[in-house]
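Trainee: Sequence:
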Amino acid sequence: MFTGIVEELGEVVALERGGGASARLAVRGPVVTAGAAAGDSIAVNGVCLTVTGLSGDVFTADVMKETLDRSSLGALEPGSPVNLERAVPAGGRLGGHIVQGHVDGVGTVLSREPGDNWEIVRFSLPPALSRYVVEKGSIAVDGVSLTVVEAAGDSFTVSLIPTTLELTTLGRKRPGDPVNLEVDVIAKYVERLLERTRA
1 MFTGIVEELG
11 EVVALERGGG
21 ASARLAVRGP
31 VVTAGAAAGD
41 SIAVNGVCLT
51 VTGLSGDVFT
61 ADVMKETLDR
71 SSLGALEPGS
81 PVNLERAVPA
91 GGRLGGHIVQ
101 GHVDGVGTVL
111 SREPGDNWEI
121 VRFSLPPALS
131 RYVVEKGSIA
141 VDGVSLTVVE
151 AAGDSFTVSL
161 IPTTLELTTL
171 GRKRPGDPVN
181 LEVDVIAKYV
191 ERLLERTRA
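In UniProt numbering, the protein residues as written are 1 to 199.
Pairwise CB distance ranges, derived in the manner of DEER restraints: (1) I161 <-> L94: 11 to 21 Å; (2) G115 <-> L94: 22 to 32 Å; (3) G18 <-> W118: 35 to 45 Å; (4) L94 <-> V134: 12 to 22 Å; (5) P162 <-> E77: 23 to 33 Å; (6) E195 <-> P127: 16 to 26 Å; (7) G91 <-> Y189: 16 to 26 Å.
These are computed hints drawn from the structure, not numbers from a lab.
Because the structure is a prediction, the values reported are computed rather than measured.
A virtual CB, placed ideally from N, CA and C, is assigned to each residue, including glycine.
Based on the sequences and whatever the hints tell you, model everything.
Mentor: Rendered as structure tokens:
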């Protein structure tokens, strides 16, 4: 489990495509690799990946076709910045919200509106996810825990503070860029339970 509080901005070293539409991703991240071991979980732009190898401050992870199909990881290239977060330890501080690292869909940046000390960013929202996104609710965008400002049927906005703009990829995204979206898992479980109750 993750919290959506990005620990560092890492850098893609390599993305090697496999024969069966899978890939091997190598990422540099001095903070998240400190004390890391094979088998540990690290979220890369909100996608939970398992560490398969370590070399200094670079870790590798295998990325399956399902993950490439459901996320924006396949669009990464050497030099791409990525948001990195280690799994939260039992008893650790839950600074953001419950984030599983299981991406629900991909949206795109629609617009950016600078403010005095913040920036309002609008993202597209896949239709299948719109029922889980509510005003003042939580959503993870590229692994960053954010509060929804406005929720429309096909889009939503968030307000980004200077720290988020500086220390995550969201400060660098431009209109048209893809982002990974993970909606609040609690909303999905509640919906499922209510469906079974009505059946």
